[in-house]
Structures are given as structure tokens and as C-alpha cells.
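K.L.:
What follows is each chain in one-letter form.
Number of protein chains: 2
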Amino acid sequence: MPSYTPPTKEMQFLLHDVLNASAQDIEGYDELDRDFTNAVLEEAGKVAAEVLQPLNVIGDTVGCTLENGVVRTPPGFKDAFDTMREGGWTALDCNPDYGGQGLPFLVSSAVTEMFSSANMAFSMYPGLTHGAYSAINAHGTDEQKEKYLPKMVACDWTGTMNLTEPHCGTDLGLMRTKAVPQSDGSFKVSGQKIFISAGDHDMSENVIHLVLAKIPGGPEGIKGVSLFIVPKFLVNDDGSLGARNGVSVGKIEEKMGIHGNCTCVMNYDEATGYLIGGEHKGMRAMFTMMNEARIGVGMQGYAQAEVAYQNALEYAKDRLQGRDVTGTKNPDGPADPLIVHPDIRRNLLDQKSFVEAARAFAFWGANLIDRSHRNGDQDADGLVSLMTPVIKGFLTDKGFELTTAAQQIYGGHGYIEEWGMSQFARDARIAMIYEGANGVQALDLVGRKLAQDGGKHVMAFFELVKTWCKENDSDEMKPFVEPLKKASKDLQAAGMYFMQSGMKNPNNALAGSYDFMHLFGHVCLGLMWNWMAKASLEALATGASDTEFYETKLATARFYMARQLPMTGTHLARIESGAEPVMELAAASF
Amino acid sequence: MPSYTPPTKEMQFLLHDVLNASAQDIEGYDELDRDFTNAVLEEAGKVAAEVLQPLNVIGDTVGCTLENGVVRTPPGFKDAFDTMREGGWTALDCNPDYGGQGLPFLVSSAVTEMFSSANMAFSMYPGLTHGAYSAINAHGTDEQKEKYLPKMVACDWTGTMNLTEPHCGTDLGLMRTKAVPQSDGSFKVSGQKIFISAGDHDMSENVIHLVLAKIPGGPEGIKGVSLFIVPKFLVNDDGSLGARNGVSVGKIEEKMGIHGNCTCVMNYDEATGYLIGGEHKGMRAMFTMMNEARIGVGMQGYAQAEVAYQNALEYAKDRLQGRDVTGTKNPDGPADPLIVHPDIRRNLLDQKSFVEAARAFAFWGANLIDRSHRNGDQDADGLVSLMTPVIKGFLTDKGFELTTAAQQIYGGHGYIEEWGMSQFARDARIAMIYEGANGVQALDLVGRKLAQDGGKHVMAFFELVKTWCKENDSDEMKPFVEPLKKASKDLQAAGMYFMQSGMKNPNNALAGSYDFMHLFGHVCLGLMWNWMAKASLEALATGASDTEFYETKLATARFYMARQLPMTGTHLARIESGAEPVMELAAASF
Chain C
1 MPSYTPPTKE MQFLLHDVLN ASAQDIEGYD ELDRDFTNAV LEEAGKVAAE VLQPLNVIGD
61 TVGCTLENGV VRTPPGFKDA FDTMREGGWT ALDCNPDYGG QGLPFLVSSA VTEMFSSANM
121 AFSMYPGLTH GAYSAINAHG TDEQKEKYLP KMVACDWTGT MNLTEPHCGT DLGLMRTKAV
181 PQSDGSFKVS GQKIFISAGD HDMSENVIHL VLAKIPGGPE GIKGVSLFIV PKFLVNDDGS
241 LGARNGVSVG KIEEKMGIHG NCTCVMNYDE ATGYLIGGEH KGMRAMFTMM NEARIGVGMQ
301 GYAQAEVAYQ NALEYAKDRL QGRDVTGTKN PDGPADPLIV HPDIRRNLLD QKSFVEAARA
361 FAFWGANLID RSHRNGDQDA DGLVSLMTPV IKGFLTDKGF ELTTAAQQIY GGHGYIEEWG
421 MSQFARDARI AMIYEGANGV QALDLVGRKL AQDGGKHVMA FFELVKTWCK ENDSDEMKPF
481 VEPLKKASKD LQAAGMYFMQ SGMKNPNNAL AGSYDFMHLF GHVCLGLMWN WMAKASLEAL
541 ATGASDTEFY ETKLATARFY MARQLPMTGT HLARIESGAE PVMELAAASF
Chain S
1 MPSYTPPTKE MQFLLHDVLN ASAQDIEGYD ELDRDFTNAV LEEAGKVAAE VLQPLNVIGD
61 TVGCTLENGV VRTPPGFKDA FDTMREGGWT ALDCNPDYGG QGLPFLVSSA VTEMFSSANM
121 AFSMYPGLTH GAYSAINAHG TDEQKEKYLP KMVACDWTGT MNLTEPHCGT DLGLMRTKAV
181 PQSDGSFKVS GQKIFISAGD HDMSENVIHL VLAKIPGGPE GIKGVSLFIV PKFLVNDDGS
241 LGARNGVSVG KIEEKMGIHG NCTCVMNYDE ATGYLIGGEH KGMRAMFTMM NEARIGVGMQ
301 GYAQAEVAYQ NALEYAKDRL QGRDVTGTKN PDGPADPLIV HPDIRRNLLD QKSFVEAARA
361 FAFWGANLID RSHRNGDQDA DGLVSLMTPV IKGFLTDKGF ELTTAAQQIY GGHGYIEEWG
421 MSQFARDARI AMIYEGANGV QALDLVGRKL AQDGGKHVMA FFELVKTWCK ENDSDEMKPF
481 VEPLKKASKD LQAAGMYFMQ SGMKNPNNAL AGSYDFMHLF GHVCLGLMWN WMAKASLEAL
541 ATGASDTEFY ETKLATARFY MARQLPMTGT HLARIESGAE PVMELAAASF
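Chains as they are written, first to last, in this note's numbering: chain C, 1 to 590; chain S, 1 to 590.
No false leads were mixed into what you were given.
Below, a list of computed lysine-lysine pairs in the BS3-like style, where the Cα atoms sit at most 25 angstroms apart: (1) C:Lys145 x C:Lys281; (2) S:Lys178 x S:Lys281; (3) S:Lys9 x S:Lys317; (4) C:Lys485 x C:Lys456; (5) C:Lys223 x C:Lys178; (6) C:Lys489 x C:Lys466; (7) S:Lys485 x S:Lys466; (8) S:Lys251 x S:Lys178; (9) S:Lys504 x S:Lys489; (10) C:Lys466 x C:Lys478; (11) C:Lys188 x C:Lys223; (12) S:Lys178 x S:Lys188; (13) S:Lys329 x C:Lys504; (14) C:Lys489 x S:Lys486; (15) C:Lys317 x C:Lys9; (16) C:Lys329 x S:Lys223; (17) S:Lys504 x C:Lys329; (18) C:Lys486 x S:Lys486; (19) C:Lys486 x S:Lys489; (20) S:Lys329 x C:Lys223; (21) S:Lys486 x S:Lys466.
Cβ-Cβ distance ranges computed for the label pairs, FRET-style: (22) S:Glu254 x C:Asn38: 38 to 46 angstroms; (23) S:Ala588 x C:Glu31: 30 to 38 angstroms; (24) C:Lys78 x S:Arg284: 54 to 62 angstroms; (25) S:Asp142 x C:Pro334: 33 to 41 angstroms.
If you are wondering where the hints come from, they were derived from the structure by calculation, not from laboratory data. It should be emphasised that the depicted structure is a prediction, and the values quoted were computed from it without experimental measurement. Idealized CB from N, CA, C, for every residue including glycine.
If we strip away everything but chain C, and leave its shape as in the complex, we get (with noise of 0.2 angstroms):
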């Protein structure tokens, strides 16, 4: 059975030496001090080693069942839900004023990690509602938000995100869903959503679904997409559960993971809906906590490369199987474990080092999400637009790639269930698709931010590398500084590439867009590295006790220069050989 060790100690490290948290000048920072950020981390941790996890493998073979319209969870679910609910984890960070906690994003991202290395289809379930309650919190009336927002930031009610249907997914323009108008205010919803996660459930009282439909007569395409409010059961003015909405479950997808949560395909028959942000706001509504989603999802994916590496390293130190080239390393025993041969090592740093770098890369993502949100920075919030889909869509690609890795180090006992790596694998892999495919958001990268505000925020990013570069010359820096530099440079080549080629062409550039994002992944997570490695090296030369941890960090940081960053080079190769490779040949050619 897989196993789980919440990585308290590296977050630490990143919150205080890295981020140095609270002394930042955000709104509430400063009450993380590292006894505060220790406290919550371990607690968490707790219910994620100790509830969450043991449920996984469960989730993974029950999966949830339909009965006569009602969905069952998988054995388990429901008492480790209240015992979240209980303990007050489905509120880090949700608005006081409805039973939040207020805590900084990042402090309650660090949880989700955890939460979701544990249990990743579990934790979609309080996830989901979060981005329910986002969503009103943030356009919802003063009403709507009374009436809602309690019971959802407590998870006694769970939340919904209905976007997709059967002819369309990322093209939502094309959606056929419907609300009609009612004289009372509200509107009768009808249509199809599917792959619906969290559809429906035993978990909770009710289900608030936030659910995208036309409005007849209105624009069309996307600029006539409204968002509407439809929970399950209606809700009485004295906060009671009325009748059951128009509402149902058609049947729950048969998916490659992530069994444990229900994926639902949702009918809406005349269903009671509530508008929400406005007629044809529909979109800017659901984007509103799309950059908070989007790290989220990111963060499943080291989540589970995390988990992954984890039980391959326990694997790797315990498996005996042939000797070291170079003497024997266990002369007591029948051969010598996995961990000396050279190619485990390279495989399980090529984990290690991805998996602590995008989790730096994550925790940065979410600290300027709080210093745009809790400062109103708009610097702050143009860099962090302009990540977002790097965050989303490198680490859950390098992700899903870094958790097969690890279940390779088990041979054929990572093909078979028992050991749980296969379920790893299967869970980690929606994650490059769901909440915007990862095409997408190259196409967002590419498209839309690396020019939004004339490119201000790209600039911006550059600026921030260079001026590191500069302001850390020393001998001991050099190691990390210099090959980030070198991948500074090619990220530059290529944006220069696209601005001066992409005029003539934007297939020029739109053709380069998913190297671009693995490219500018790569020089983040170098910058990470450089980051980590500034930081080990001060503790070590203020006398840090724990001198293995940081002297690690450095060698982990030198193996991702010498075996990640090169990788840039041929990403900016691809991306100069232009449009023509790619658009020649005719569609039926193929």
C-alpha cells in the first residue's frame, strides 16, 4: 500500500527562507509567522497522512455508484468529509464575514497540496465548492452571499462549475443551455452539462450548481453566456431546504482515475436559476477565480508527482536488485538496492527536483494572488495572469510525466494496482485537461497574455530575472546564475521571434505555443532553483544546525541545471522553425 509523509519541512523552508512570508507587506502576512504556518501545516497534515490518504486506494476501486438517482460516495467519504468540515479545512481562506478564517491564499494552497497528494479525487470535492463560493463571493448580491455563502464555506452545501457540453468544451460560444426569464426574477434553466465533477453526492445537504446558459434574444456566441445559480434544492427565505430544482443526475462518466469523485452528466429541466454578475456577464464572472482554479490545478499535478516519488524512493531504497558498477554498497545482502545505479538516481532526481521547484513555483503563484487580491497591486496581478497558465500547464504536464517516471522505478509492480502507482498515474493525467486544456493555455499564454497591457507584464518577468542575475555575481551563485541566464536568453530569443514573425503570421507564433510554455516553465522553475539555492546558501553561512537539508537543496539545484534547463534549447528550435513545418500539409494530407 502507498503511503504519504505531508512535506511540512520543505514548505516551511519556502514559506520563511524563501518567501520570507511575514515580512512581506501583505494584508495579514504578518501573522504567519513560522510557529503559526508550522501549526496549520502539521494539523493539515495530519488529516491529510491520516484521514485523507487511507481513503485513496478505496476511492480508486469502489469509485461512486448511481442509485436510483442518487450518487454514493466510496466507503469513507462521508465521515472523513465532516471530519474536514469539522475541523474547519474547507475555510482557510474564505471571507469572515460567512465563516472564513481569512487566511492568506497561500497558507490554505500549501494545504490543498497536501490534501490533494492524499487524496486527489477527494479533494475535488471541497475544491469545487471553493470555486463555487469564489465565484458569488465575488458577484453575487449581498442576498445571494447570505443566503449561500455560510453554508458553502462550511461544506454543509457543496458547489458545482457546469461549463461543458457534449458538442463543446473549450469553445463555450457554441452552448446550447437555456435560461428563460420568469416574472419573478428568476430563470428556468434547460440543457445538458457534462463532466460534471462533484455533480452530485451523499456528502452534503444540498448542491449549489454554478451553471453557464443563454439567455434568448441575447448576443451571440460567448458574449451571450450568462452564469446562473441553481443548487439542488431551493432554498427557503429562512435559509431551510425547499423543493428539490429540476435537477438530475443522467449518469456518472466511467473515467481513467480519479474514480472517487463523481464525474456527472447533469440534466436541467426547467430548473429554478438565479442570475449571477449580470445578463451576458456569464464569462467574466467565471474567470474572475480563474487564476486561483488554474493554480490549483497545477498544483494536483506536483501533487501527485510528489506522492509518487515519495513511495518510488521508499521502493528504490528497499528493492534489492543487482550491484553497483562501482563496489558493492550492501555486502550482507543478496544485491545491492535500486538507489545505487546511476539511471534510478537520474529518474529520481529528475522528480525530486521538478516537485520542489513547482511547488516554489506554485507558492510564488498564489503569494502574488494574495498581494494582488489583499493589496490591489496591479503589477502584482498582471505577473501572476501572465504565469497562470505556465503554473497550470507545465506542472501538470511535467507532472503526469514525473509521476509515470516513478511508477517506472517499480518495474512491473507499478503496473499492477496493488501498489497503488498506476492509480497515481491515472489520477495525475486529468489534470493536463480539465479547467482549460493545456493546448489552451498555451494558446492563452501566447495569445492573449504575453501581449496583455503591451506586454508590460512579460517585460516585467524579464526584468526580474535579469536584475537577479546581476545583483547575485558571487562565485557561489554562479553555478545556478549562469545556466539561468542561458535560458533567460533562449525565453527572450523566442518572445522576440514571436512579436517580430508573429505580425507577418500569428501562426508563426501560435504554432510555437506549447514549447513556449514548457520553455517559460523551464525558466521558472530555474529561477526557482536559483531562489532556493540563495537560501540554503545563507543558512549555511549564518550556521544553520540542519546543514544536510540545505546542502541538498544546492545539489538538487545543480541537478536541475545540468539536466532540466538544457532542455531550453530545443524548445526555442522548435519554436524558430516557424508556422510552415507545422500548417503545410492540407487537413486531409494527414
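Fit chain S to the supplied structure of chain C, relying on the hints for placement.
P.N.:
Chain S alone, transformed into the frame defined by chain C:
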């Protein structure tokens, strides 16, 4: 539901335009004219598309079950197996002395690819039988051959390979299964074997297990391993079936994929076994057919990518989503098909340019095996031995990567089981693991094959590429030759680095073994695209009527050169970073 169209035209192009098979001076190749191979491929394609492919999904969803010690295959499998048998499809390249058709391995490989694309789990039953047949054919006594081979060639009896035990897979020297000699010359075999594909089932009268075991008192480790024939039912001298032998199925493993193939735990309890290949010569007997078996697994890797690509392409042409940014392509529809989008094309071309070159590479490998086996050509044997770990490791890694890329084209529909893309990905995953995990392939390549016969074979490979580049220095070949030269230079630099620094410390070579395998793979596929480009230019110059086919080949070749081959630079950079980044961390510090 997914579909499959046998790529017979692609195969004919390789057999005749590229490899010019019927003109090769290999015994039996003179028969391989266009009409003959076309007839074989068309008929095999019908079996693949009409008999095997329709059972692929049911094989996955129903799987195999163990009832009172008897394994039941999914509904329809037995009838399909009878069809295969009656059509002689299990006997294509087998020894005519025992009922085989004696066709070249090249031809049977093409057929194997189709069966594997259509139904990978099913195709393993005849596949394993063929492996066992090969071992007995090469190492059995005349009596053993006459007793077992006719039935195995006809697949009235199927075969298995029993290597792995719970505590040892790669390191077979640790094995515990014992074979105790009996006075009649037979042995009593006792022990447990795991991960036995096709270990037992209801489609044949008997199962002939080939089992590795140790004869007590023999040499320690791998040198004391012998190979035994252990039939499920003992075979009487007249060929009729006798008593049930002491071998039983412990359980069927739950796996990530290939559910249609029963992966069994096999328990041997004083089962009667017959030595094959001499005492303590088990590994030699087992390795005889290793090149063939590993090329077969390499084919499984790209065969799944092929069928996944076919389906992704259809989806990309059908699914309407978004608009071409350079101008609407489908003005009468609500949106343009996915295939107008540059990143969708980039993804499809990644798949297409891989699959077609992978097929060429595997066919070339099969061709070299024929040259080695049929003409006794030692150089061909050396070259294919060198390339076998590349065919197995690189083609299965990339095969899985590109199968998941095809899955990505479907967005959310790729993650649900309904569309079949998840199965392709889950099935393809095993090919990276079995028949020697890909890390072991890399070790075999760098630790053994490079230096084999004084490095003669890798020098021959370099010479082959160099000669090709020199002889094809024309303007029209330059776009293909120049990138190949650069890639080959990277490969030679990596080889040089291994020679020089590996002498000082073997870990300098082993730490780069995985990258070297991929670097080698890219150079081989670059060479294949050169061959295919040359053949296409010649066909066009000599007035071939199907210009679109050859123009498409040239465009796909250009894509590979522009978008895939640059990867060699990154692999070289990683290799040249040497052992230190990989080896410096103590195992306890990971």
C-alpha cells in the same frame, strides 16, 4: 467507439519503396514482391480490423476472471483465437518442419503490428506462444521439438515465459524456484512466478510454460539458472494429453491495462519439467529470442500510438471548436474543425512523424534479423543487437508519450473510457516496463552493446550514417541530410564522452545511458526519414501517380527534422554533465 484502419499502404511503401525487399539477397526475400505482400497484409488487416479490434474494448472492460482455478478470457476471445489459428496467422514465420509458413520475420512483424494495434492484449497470447516456440525451436532436442512445436505453431497449445519472481525481476540471479533432478531425467519444479502473461486461459488445450529455475548445487547467481519446459498437461508419447501437472494459477493481477490478457501468479509445486538448452544455460536459451521479442515490444509501443493517432485525427477533423485565427475555414458551420489550430496540428504531426519513422525503424530491425538468421550475416546480427534496446526503449517511451498526446486531442472525452483513448494509453504503458524495463534497455545499450566486439557495431552504424550523408549531398536531399549530420555529430560526441570519461568512472557513462538511448533513437528516426524522403523524391521523379502520398511523406519528414531532431542537443548536454549531478547525493539525503 474507436476504430482501426490497417496501414497497409504505409507498410507497402516501406517494404518496397524504402527497403526494396524483394531485391535483397536474403533467403526467401525473392518471393516478397508487391502483390504477394499486399495479399498478406490485406488479409491480415481484415482479421485485425474485423475480428480483433471489435473485441478490444470488451477485453478491457470485462477482463479475465479466475473461477475455481480456471481462467476465463473475455467474451469473443476464444472464437477470435480460432479464427487466427484457422487462418494460419500464428504460424507465419515459423519453421515449416513443424507446420509453419517459413515467411521472413519482416513480413510477420508487419502483421504483428496490425494485430497489436487492433487488440494488444489479445495479440499477446500468440505473441508469447511464438516466444516459447522460438526457444524450443532453437534449443530443444529433436524429440522435444516434435512433441511440442507442431501444436504450438498451430496455437492448439499456447506458451508462456516464466522469469519474474516476487523478489526479483531484472536481477534473475536471485531467483528461488528450484528444479530437482529425477531418476528418469525429468525435474520437479517448485516455486512461484509472477507477472506471467497469458499464464492460463480457456482458448487452448494445453499451455506450455517455459520456466527458469535453479538446479540445487549449481553455480551461484545467474550462472546457475536453467530453463525448463513445464506443460500444464503432461504430454504422452503418442502426443495425447496426460495428467494435469503440478502448476496452478495463484491469482490474476489487477493491472492498469491490457485487461484482456491474464497476468497470472503461477505456483509450481513439484511440477514435472524437462530441461532445455543444457544445465545452467537457461539465460542463454532465454536470450536467443530476445532481439525478436524486444523488437516485438517496440512495435507494441508505436502500434498503440498508430491506432490512437488514427482516432485523434478523425476527431480533430470532426470536432468543431473555435475559429482559425487567419480566417474561417468552415463558414457554414458554427465553428472550424480542431485541425485548423496550429497547436492541434503540432500535436498530430508529433504523432504522425513518430509513428511512421518508428515503423520504418522496426521494419529495418526485422530485416536485419532476417539477414542474420537466414544468411548468417554476423554484421547484421551485431547491428541489430546494438539497436534492439533502442527499438524497445525509445519506441515504447515515445509510443506511450504520443498515445497520451492523442488522448489529449479529445479534451475531457479523452479521459472518459467511452471513447477508447484511455485504454490505448493504459495498454501502451506496459510496453515501457516488460521485456526488460526501459532503464535496463539503456543499461544494456551503454554498458554492453556499445563496446561489443570492440565497438565494431556502433562504428558500423556511424559509418552507415556518414556514407548516407555523403552519397545524398543533393540540393533536394540537403534539408534532410543536414539535420541528420548535426544529430549524428551529437551522438558521436556522446559516444566519445562515454569512452573518455567512462574509463575514469563508469558512472559517467551510466548516468547518461537513458539520454543516450533517446539520442540514438532520434538519430535512427532521422535516418529513417532520410530514407523515406529519398524514396519519395525518387517516386515523384519517376512519375508516380500518387503524388499526394509522397508529398505528404516529404512534409512529414521536414516536420521531424524541424521539431523532433533538435532534441539531440539537449540529450548531449545532459550526458556531458556526467555522473556528478546524479551521484553526489547520499541515498539517505534524497
